[in-house]
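2 protein chains.
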Amino acid sequence: MTDHIVRAFTDELAELNSTVSRMGGLVEKALAGALASVSRRDADLARTVIAGDPEIDELQRSVERQIMRLLALRQPMARDLRQTLSALKLAGDLERIGDLAKNIAKRAIIIIEHEPAAVTRSIDRMGKLAANLLKQVLDAFASHAVGEAVSVWMQDEELDAHYNSLFRELLTYMMEDPRQIGPGAHLLFIAKNLERIGDHCTNLSEVVHFLETGEEIVGTRPKVDSLPASAQSHIPPED
Amino acid sequence: MTDHIVRAFTDELAELNSTVSRMGGLVEKALAGALASVSRRDADLARTVIAGDPEIDELQRSVERQIMRLLALRQPMARDLRQTLSALKLAGDLERIGDLAKNIAKRAIIIIEHEPAAVTRSIDRMGKLAANLLKQVLDAFASHAVGEAVSVWMQDEELDAHYNSLFRELLTYMMEDPRQIGPGAHLLFIAKNLERIGDHCTNLSEVVHFLETGEEIVGTRPKVDSLPASAQSHIPPED
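Chains as they are written, first to last, in the numbering used here: chain A, 1 to 239; chain B, 1 to 239.
Bear in mind the hints are in silico, worked out from the structure with no lab data behind them. Ideal Cβ positions, reconstructed from N, Cα and C, are used throughout, including at glycine. Treat the hints with care, as some may be off.
Unchecked claim - To list a few chain A residues with every Cβ distance to chain B over 12 Å, as calculated:
| no. | residue |
| --- | --- |
| 1 | 10 |
| 2 | 11 |
| 3 | 17 |
| 4 | 45 |
| 5 | 48 |
| 6 | 143 |
As the list claims (entries may be wrong) - Restraint ranges, calculated between C-beta atoms of paired labels, are given here:
| no. | chain 1 | residue 1 | chain 2 | residue 2 | range |
| --- | --- | --- | --- | --- | --- |
| 7 | B | 113 | A | 61 | 24 to 32 Å |
| 8 | A | 14 | B | 39 | 52 to 60 Å |
| 9 | B | 58 | A | 41 | 44 to 52 Å |
Chain A extracted, bound-state conformation (with noise of 0.2 Å):
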């Protein structure tokens, strides 16, 4: 292979990697104005969240794109094939996790009609660890640091825990005024996508490992077992 093949691949797999970051900022943009388009209760913040999704799908593709190309004509191989298949993973959780945050955004637009919710604050405490947690992995691609995405995949189990305490939460909440079962039933559906968004960002940290270091991460996570143990529990089951 020649100098000049050499290269162009380099900067075509360096190319690649802005695209997957590129596509990483927005998606750490548009959850964060999904939150706090919730905790500010703002409507036109909701739907710049919205407008801003196909932006997010659109880089997806063209990731897919630079990928079907870089295999076909460059053939890499070893540590160049696992960056190129990585960068598909990693684009594949990212626009996920850009439809979680547009889904909150919509739920968002709904809650605002109704009265100012209480447990909004136990929203955006769970929505600020999920950012963080997004934050950390994104850090953790860039920088190829190893620790910091072993470090995101264990912090999941608290993002779990949150989301357990904030579904009995919302029932109680539910229970205690019938009026509020209606937003309440999105309140869970927004704590839901954050418990999602987590598994995602647990996803894209065992992608960052698996790009460094050619292994998967070894060791079990503490998952808390959550089938419940009596009728009383209502605490959800994860996936």
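We have chain A; now place chain B onto it with these hints.
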């Protein structure tokens, strides 16, 4: 390339497709089991579904390993490359449907501990529709039937309509009897899981279409826009 190498590649691709098909079969069985565990209130069956999920996950990892090897050793081009990458996507969506089926089974166990809910018949209807979409798209994959893939893609709209009506039905049911808010919340998530399974079937149909034609499905599905016009509306937004 010698005939020998070409034949080996064809064999490997066939093996990859057979792993994906086997995954499809297991996922179909998991979904059927999860739905039956809800409608027949069968906790043992639900536990069987949950216990079967690791096998599906392992098959996905096997698909990924096969693809890494194929790309590294065979460096496939054109339709072969498309087929290889499509298998990666198919396995990803199937794994996710398996997860959603497992989640339905976990919620079934919780719901069974409560009184029978009147709405399980609606869940059953929606579940049959989702299972049918999955069957159709797996058939389309096995028989290279582009038309059938497009048909699945169009039918997802019907599942969305079911979901919206079930969402409203469940809220009414929770409002009428606050003791049903706990199980009602789990039924809401089961309905949402079925709606997500429909989305994954749509993804699968897009991959089958791309695999067979090299092109994306053209045209817009008449997707119901679900942002509600009034504050009274409880129609949930789609992703």
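* List, from low to high, the hint numbers that the structure doesn't satisfy. => Hint 7 contradicted; others consistent.
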